[in-house]
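K.L.:
We have chain V already, so just place chain R on it with the hints.
Number of protein chains: 2
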Amino acid sequence: MKIRQLFDYETWTYTYLIWDEITNEAAVIDSVIENAERDEKHIKELGLNITYLLETHIHADHITGAGKLRQQVGGQLVVHKNSNSECADILAEEGDIFYLGQQPIRVIHTPGHTNNDISYHIEGAVFTGDTLLVRDCGRTDFQLGNNQAMYQSITDKLFSLPEDTKVFPAHDYKGFSQSTIGEEKKFNVRVGDGKSFEDFSTIMDNLNLPNPKRIDIAVPGNMKCGLVD
Amino acid sequence: MKIRQLFDYETWTYTYLIWDEITNEAAVIDSVIENAERDEKHIKELGLNITYLLETHIHADHITGAGKLRQQVGGQLVVHKNSNSECADILAEEGDIFYLGQQPIRVIHTPGHTNNDISYHIEGAVFTGDTLLVRDCGRTDFQLGNNQAMYQSITDKLFSLPEDTKVFPAHDYKGFSQSTIGEEKKFNVRVGDGKSFEDFSTIMDNLNLPNPKRIDIAVPGNMKCGLVD
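These protein sequence lines are chains V and R, in that order. The first sequence: position 194 = 194 (our numbering), numbered continuously. The second sequence: position 8 = 8 (our numbering), numbered continuously.
One should not assume that every hint holds.
For chains that are exact copies, the list does not tell them apart, and a pair is met inside one copy or across any two.
To be verified - DMTMM-like cross-link-like pairs, simulated, lysine to aspartate or glutamate; straight-line CA separation at most 25 Å:
#1 Lys-185 to Asp-20
#2 Lys-213 to Glu-10
#3 Lys-174 to Asp-89
#4 Lys-185 to Glu-21
#5 Lys-44 to Asp-193
#6 Lys-174 to Glu-34
#7 Lys-2 to Glu-94
#8 Lys-2 to Glu-40
The set of hints was computed from the structure by calculation and includes no laboratory data. Just so we're clear, the structure is a prediction, and the values are computed from it rather than from any experiment.
So here's chain V without its partners, still in its complex pose (with noise of 0.2 Å):
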């Protein structure tokens, strides 16, 4: 499968782009409205055919591009179940897998930074959303986040992929563009290094971080898949 990154600069966000070299079936994974059109100049000179629009979750610090994507370039939207969204094509629950030409796509869902979180498993790669982030993890402090949801997401789940498996974060906010699962079983400032959930709790709750500056419209705007005025 062949990867490309894409990068926000507002909200440091990554996007991606996937595709099957054989079939030039292709996914989005967390499209940012504000890059739509950037992005589907992108997908018409790589001659991809769009097939699915994945999210990660439903995002508090951005509005997603899918919808406007959807429209421009096709592809069913696909969000998790514990979203409720009513826009999205595909409902997806731990274990579905979606195929790029011959080539599975596997949804794992890792809840923690909200209740609908899902890494998307290619071969080789995982893409974890605020999941699993390079030497950190998303926050747990809103949008039903949970510290032991999210604990055995990265602990239990994804830490059981081979350790050289790729980690593409949907953020990065010291100049990272990726990782592999045996680097964050080791060096995870959160995780890693065989820390306790104890000590990941205590960590967690005492980020005391701002709320998103976009919360109030990122949330209602991407549970309208982002098609929005």
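P.N.:
Showing chain R alone in chain V's frame:
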């Protein structure tokens, strides 16, 4: 060869770590001084032995972290001979080859942005500095920049690489992280789709860009390999 892309948010610069998986011999391409500690930590976590600190040119927009990294993690500092650097370990020229383990890094002299640009070519990928950017190219209006040299560097030298060669630039301003030679031949807005030198030169002569904010400290700082207060 393994490739890890890192980003500097202030100057929109891409730094690359590349390494041979068998020996862990590694090179850093275009580090940024403000990120030297981040990079040093990352290098140590990955267990890499830095053999080379490769500069694509004497930068005008940021101060290199190469001198600082050389002190911290070792490695020979490489710049093009036209830079007349007195602090580098190796003054490279067209055709020089450096090895990480058994894997060659070939020096392609690609002047035009400056007179001392190097593109570093490895199996399947080329690090193009400020010469070829995604759908774009570096400016040619200072530091001995030259339209004719730039056009030849891109269309004669870089475009002669295999079309599936990945292109990793030193900067991007639209959120792109990489491209391929084949894509740039078709879609580069300045030199792609068979644009003539006259077309290219007209575009370049009408960019009317302000000088980089830090040029007055960056160029002399980089002539000292970033070893400045």
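K.L.:
Now tell me, hint by hint, if it's right for this structure.
P.N.:
Against the structure, the hints:
no., hint, in the structure
1, Lys-185 to Asp-20, "between (29 Å within a copy, 22 Å between copies)"
2, Lys-213 to Glu-10, "both (11 Å within a copy, 21 Å between copies)"
3, Lys-174 to Asp-89, "neither (34 Å within a copy, 30 Å between copies)"
4, Lys-185 to Glu-21, "between (31 Å within a copy, 19 Å between copies)"
5, Lys-44 to Asp-193, "between (43 Å within a copy, 16 Å between copies)"
6, Lys-174 to Glu-34, "both (22 Å within a copy, 11 Å between copies)"
7, Lys-2 to Glu-94, "within (24 Å within a copy, 32 Å between copies)"
8, Lys-2 to Glu-40, "within (17 Å within a copy, 30 Å between copies)"
Comparing the model with each earlier hint shows a violation of hint 3 alone; every other hint is respected.
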